[in-house]
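*Asks:* Listed below are the residues making up each chain.
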Amino acid sequence: MTKNVFSKMQDFANIATDRVAIQVFLSVAKHKVIKIGQLEEETHLPLESINVAIEKLEGGNFVERNPNPASQKFKLGFNGQMFVDQLKIVYPELQEQLGKESHIEPL
Amino acid sequence: MDLQNLSEMIAQGFEDVDRLARNMLKVFICGSHIDGDDKDLENARDEIKNELKVPGVFLMRDIETKQKLPYNQKFDLVWTHIAKGDNVPLCIMYAGKNAGKSQGLNAEIQAVSTDPEKKASTHLIRFEGIRLVNHADEFPSYHVKGVDEFKGTAKRLVEAKVKEIASYLLRQKEGQKGRETGKVKTLINKGDIIS
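Read top to bottom, the protein sequences are chains R and X.
Plus 15 on top of the position in the first sequence (first one is 1) and you've got this note's numbering.
Plus 35 on top of the position in the second sequence (first one is 1) and you've got this note's numbering.
These aren't lab readings, by the way, just hints derived from the structure by calculation.
Misleading hints may appear alongside valid ones.
[Claimed, not checked] Quick partial rundown of chain X residues pointing at chain R, CB under 7 Å, derived from the structure: (1) 45; (2) 90; (3) 96; (4) 103; (5) 107; (6) 108; (7) 112; (8) 118.
Fair warning: this is a prediction, and the values are worked out from it, not measured in the lab.
Even for Gly, the Cβ is constructed at its ideal location relative to N, Cα and C.
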């Protein structure tokens, strides 16, 4: 069941203003597919914080598990692919880290 | 700058409710791509992106599919994916001066009209005198005489949606602040006239 639009707005706001969630999200965007252990090494964040961030990000389709629901590998969801391309427009510094090419994959 | 510092900067930037609203909105511009209409759609996308600082503006053809699909099926697939995410979609359908010849656009209008969720987020901007399927009358429609009027109308629709989102977020923020400080701001006072 999809969330109502007000929940979506609030959840988006909670993710976009959360430094940890954004850092985890950008690390997934950088690697395209990343394991939870690699995320821990890359972000230097405790596993508990990463798990909380991942749960938020999955709920908004910013990231999704690859390929099955029990997997500990993550990749960008379609909403995340669009959002990362948007961020690269607003913050050109991100292009150095994530590359200039679009992150939006064919559906 | 590394990702940690960038993340901090991005998260801080989104404390600004207006910026947050502009990034939350996903605008999909659909319509006929016949002859010159194609260019109008591209220009509208770029102007909304640059002038209104709404980076999430897409044309249907900006999103590719693994398999070649008819226009209305592609729209359906894209919409299914959009609906999964935390975002606010706004769909602007443009029936330009050549839209009468476009079977794709008419099929799309028909498909959207049967889906209440899509329909609620869709506005139709149509050239005066363009003949479309009857379902087109079920949408909020804006009749325009020229391309500039189309772009102006599209920008007003986007700006109105941004204000609607920002207003909601601001109210939530005020409420949150009130709960934290114990002072809940009363938004409606006794005696206020509510029109």
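*Asks:* Min Cβ distance, residue 107 of chain X to chain R: is it shorter than 7 Å?
*Replies:* Residue 107 of chain X check fails; min Cβ-Cβ to chain R is 15 Å, beyond 7 Å.
*Asks:* Closer than 7 Å between Cβ atoms is the bar; does residue 45 of chain X clear it against chain R? Give me holds or violated.
*Replies:* holds, 5 Å
*Asks:* With a cut-off of 7 Å on the beta carbons, see whether residue 103 of chain X makes it to chain R.
*Replies:* violated, 11 Å
*Asks:* Double-check residue 118 of chain X for me: the hint is only fine if its C-beta lies closer than 7 Å to a C-beta in chain R.
*Replies:* holds, 5 Å
*Asks:* With 7 Å as the cut and Cβ atoms as the points, is residue 112 of chain X at the interface with chain R?
*Replies:* holds, 6 Å
*Asks:* Holds or violated: residue 90 of chain X as interface residue toward chain R, Cβ cutoff 7 Å?
*Replies:* OK, holds: residue 90 of chain X within 7 Å of chain R, min 4 Å.
*Asks:* Does residue 96 of chain X meet its interface restraint, that is, does its C-beta lie within less than 7 Å of any C-beta in chain R?
*Replies:* violated, 12 Å
*Asks:* Residue 108 of chain X was flagged as interface toward chain R. Is the shortest Cβ-Cβ separation under 7 Å?
*Replies:* Violated, about 11 Å.
Consistency with the previously given hints fails for numbers 3, 4, 5 and 6, ordered from lowest to highest.
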